[in-house]
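S.K.: Sequence:
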Amino acid sequence: MVLTPEQQYQQSWLERQDYAERMQPLIGSLYRNRGIEICVYGRPLVSASTIDIIKSHKTVTKYEGDKLRLRESYEFLEIIASLNLNPAKIDLGKLAFGYLYKDAGHGLSKTDYVKKALESVLDQEQKPEPQDVVLYGFGRIGRLLARLLIERNGPVANLRLRAIVVRGGKDGDLEKRASLLRRDSVHGPFNGSITVDNEANVIKANGTYIQVIYADSPDSINYNDYGIDNALIVDNTGIWKDEAGLGLHLKSKGAAKVLLTAPAGGDIKNIVYGVNHNDVEPTDNIVCAASCTTNAITPVLKAINDEFGINNGHVETVHSYTNDQNLIDNFHKAERRGRAAALNMVLTSTGAAKAVAKALPELKGKLTGNAIRVPTPNVSMAIMNLNLEKNTNATELNDFLLDVALHSDLRDQVDFTSSTEIVSTDLVGNRYAGVVDSRATIVEDNRAVLYVWYDNEFGYSCQVVRVMQQMAGIEFPSLPFAE
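The numbering of the sequence shown is this note's numbering, which starts it at 11 and goes up by one.
Everything labelled a hint here was simulated from the structure, so no lab data went into it.
Glycine is no exception: its CB is placed at the ideal position from the N, C-alpha and C atoms.
Fair warning: there could be bad hints in the mix.
[Said to hold, decoys possible] Below 27 Å or equal to it, Euclidean Cα-Cα: the simulated BS3-like pairs (lysine-lysine) are:
| no. | residue 1 | residue 2 |
| --- | --- | --- |
| 1 | K99 | K120 |
| 2 | K68 | K125 |
| 3 | K126 | K112 |
| 4 | K251 | K374 |
| 5 | K112 | K68 |
| 6 | K400 | K376 |
| 7 | K251 | K261 |
| 8 | K251 | K376 |
| 9 | K77 | K112 |
| 10 | K65 | K120 |
| 11 | K72 | K120 |
| 12 | K77 | K65 |
| 13 | K251 | K364 |
| 14 | K99 | K77 |
| 15 | K77 | K125 |
| 16 | K214 | K186 |
| 17 | K400 | K364 |
| 18 | K251 | K263 |
| 19 | K364 | K374 |
[As the list claims (entries may be wrong)] Label pairs and their computed distance ranges (CB to CB):
| no. | residue 1 | residue 2 | range |
| --- | --- | --- | --- |
| 20 | D339 | I452 | 34 to 42 Å |
| 21 | S59 | H417 | 23 to 31 Å |
| 22 | N295 | G319 | 32 to 40 Å |
| 23 | G149 | T386 | 17 to 25 Å |
| 24 | G319 | A225 | 48 to 56 Å |
Can you make the complete structure from the sequences, with help from the hints?
M.R.: Right under this line is the structure:
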């Protein structure tokens with residue numbers, strides 16, 4: 011019987027659904043029980059629907075030109091599940107596509123090829139020790155960090171969210187904070203179950219038992235009283251930004267290290283993961299994760315500087331409003347920021363361009379920067395006007411940045427889009443530090459203008475989690491390694 015085109019399409023779709031459904035329990039088990047995060051060309055598959063798994067495979071076609079069939083990637087997923095692996099992020103798409111279409115196996119069987127590609131985490135004796143984490147503050151970034159840490163919860167969770175610290179509130183405070191975790195106007199509902207234990211001051215979320223501690227100062231807490239020790243304190247309040255202030259956390263019993271989710275002053279290391287994360291030493295007790303804008307632009311600037319050289323440039327950020335601004339006109343100590351955030355474009359300053367030099371010293375003194383706050387609640391854009399050392403063209407520059415996004419050591423920081431229809435809301439929840447909008451790239455000789463989107467909340471929070479892992483000495487490699 012000859013099938014009609016419609017019947018062929020329906021049969022093909024049902025087959026893809028079938029394989030996606032078979033993949034789901036393997037992906038979930040690998041993540042929960044062994045700490046292995048499966049993705050396809052950077053798109054995470056943990057907790058993904060069958061439709062999301064199918065869509066992730068379309069990404070391969072977009073970037074590589076050839077199809078990766080779900081039945082092909084399913085075979086490789088079964089091999090991964092059969093191996094004794096340490097926690098890692100494994101790109102199933104690159105693994106399968108490399109073997110099937112790029113001859114990366116060099117005559118090896120599929121199993122031997124996978125073993126070779128994953129040998130750095132195969133049959134390793136040493137398992138990472140889990141790190142207790144305390145979120146000091148529970149605002150926009152704090153709640154997104156909580157979502158990310160809860161998402162990673164399981165028997166082999168490397169980062170264990172043990173507590174959040176907030177100022178004392180009135181009756182109903184705990185329910186309100188749990189509700190803010192449960193519902194978010196920008197990022198949508200929490201994916202899971204949240205309950206509150208008022209007697210114990212605990213929020214229970216997807217198997218994570220989160221102690222809520224009420225305190226008025228960072229040096230007044232005994233974390234040992236809650237079974238927490240050697241904790242990494244993630245200060246997301248933005249109140250203390252120097253060594254003296256952040257050092258107060260270390261006076262609390264059970265606290266070991268402090269990470270600030272904002273730019274820091276003085277000699278505190280400003281870390282942009284992917285660029286200078288190896289500067290974090292075991293003896294560093296206080297570190298900062300820089301700003302969302304610095305995280306968005308620095309990886310792209312590093313890649314371009316390494317390949318083309320940068321003489322100088324200007325970075326203009328078109329930034330969503332934040333809760334530092336006023337809802338309606340009122341007094342603010344900063345110029346213009348007192349005007350209604352949701353009604354105005356507000357010209358203001360940013361230290362992001364100068365802060366790049368803290369992570370990338372070779373660009374010190376080469377960049378200027380300014381910012382425009384705009385009436386959108388999330389997702390921002392950096393426009394980088396650069397004078398390069400070498401002449402190039404838009405095609406060459408975009409091809410290079412696509413390769414950076416797919417195959418370089420910055421592939422977890424730099425994303426890439428060639429869509430002519432993408433707008434800011436499409437990028438809410440994007441897990442990369444920045445997304446290069448290739449259709450907007452302008453190049454003439456050695457002058458280049460690049461447009462880089464970034465989710466200034468969620469993408470930044472993902473970078474913060476990576477810095478947390480670095481501070482905890484947790485190895486979580488992305489495999490296969492960059493080509």
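S.K.: Hey, K99 versus K120, does the alpha-carbon distance stay inside 27 Å?
M.R.: 19 Å, holds
S.K.: Is the hinted pair K400 and K364 satisfied, with a Cα-Cα distance of at most 27 Å?
M.R.: 23 Å, holds
S.K.: CA of K77 to CA of K112, is that 27 Å or under?
M.R.: 13 Å, holds
S.K.: Assess, step by step, whether the Cα of K72 is no farther than 27 Å from the Cα of K120, and give holds or violated.
M.R.: Roughly 24 Å separates the two Cα atoms, so the pair holds.
S.K.: Between K68 and K125, does the CA-CA distance stay at or below 27 Å?
M.R.: Distance ~26 Å between K68 and K125 Cα, so the pair holds.
S.K.: Does the Cβ-Cβ separation between S59 and H417 fall within 23 to 31 Å?
M.R.: 28 Å, holds
S.K.: Taking 27 Å as the top limit, are the C-alpha atoms of K251 and K261 close enough?
M.R.: 16 Å, holds
S.K.: Checking one constraint from the list: CA of K126 to CA of K112, max 27 Å. Satisfied?
M.R.: Judged against 27 Å, a Cα distance of about 16 Å means the pair holds.
S.K.: Holds or violated: K400 and K376, Cα atoms, limit 27 Å.
M.R.: Holds: K400 and K376 sit about 16 Å apart, inside 27 Å.
S.K.: Tell me if the straight-line CA distance from K251 to K263 falls inside 27 Å.
M.R.: Judged against 27 Å, a Cα distance of about 21 Å means the pair holds.
S.K.: Take the C-alpha atoms of K214 and K186, compute the straight-line distance between them, and say whether it is at most 27 Å.
M.R.: 14 Å, holds
S.K.: Is K251 close enough to K374, meaning Cα to Cα at most 27 Å?
M.R.: Satisfied, since the Cα-Cα distance of roughly 22 Å is no more than 27 Å.
Of the hints listed earlier, there is not a single one the structure fails to meet.
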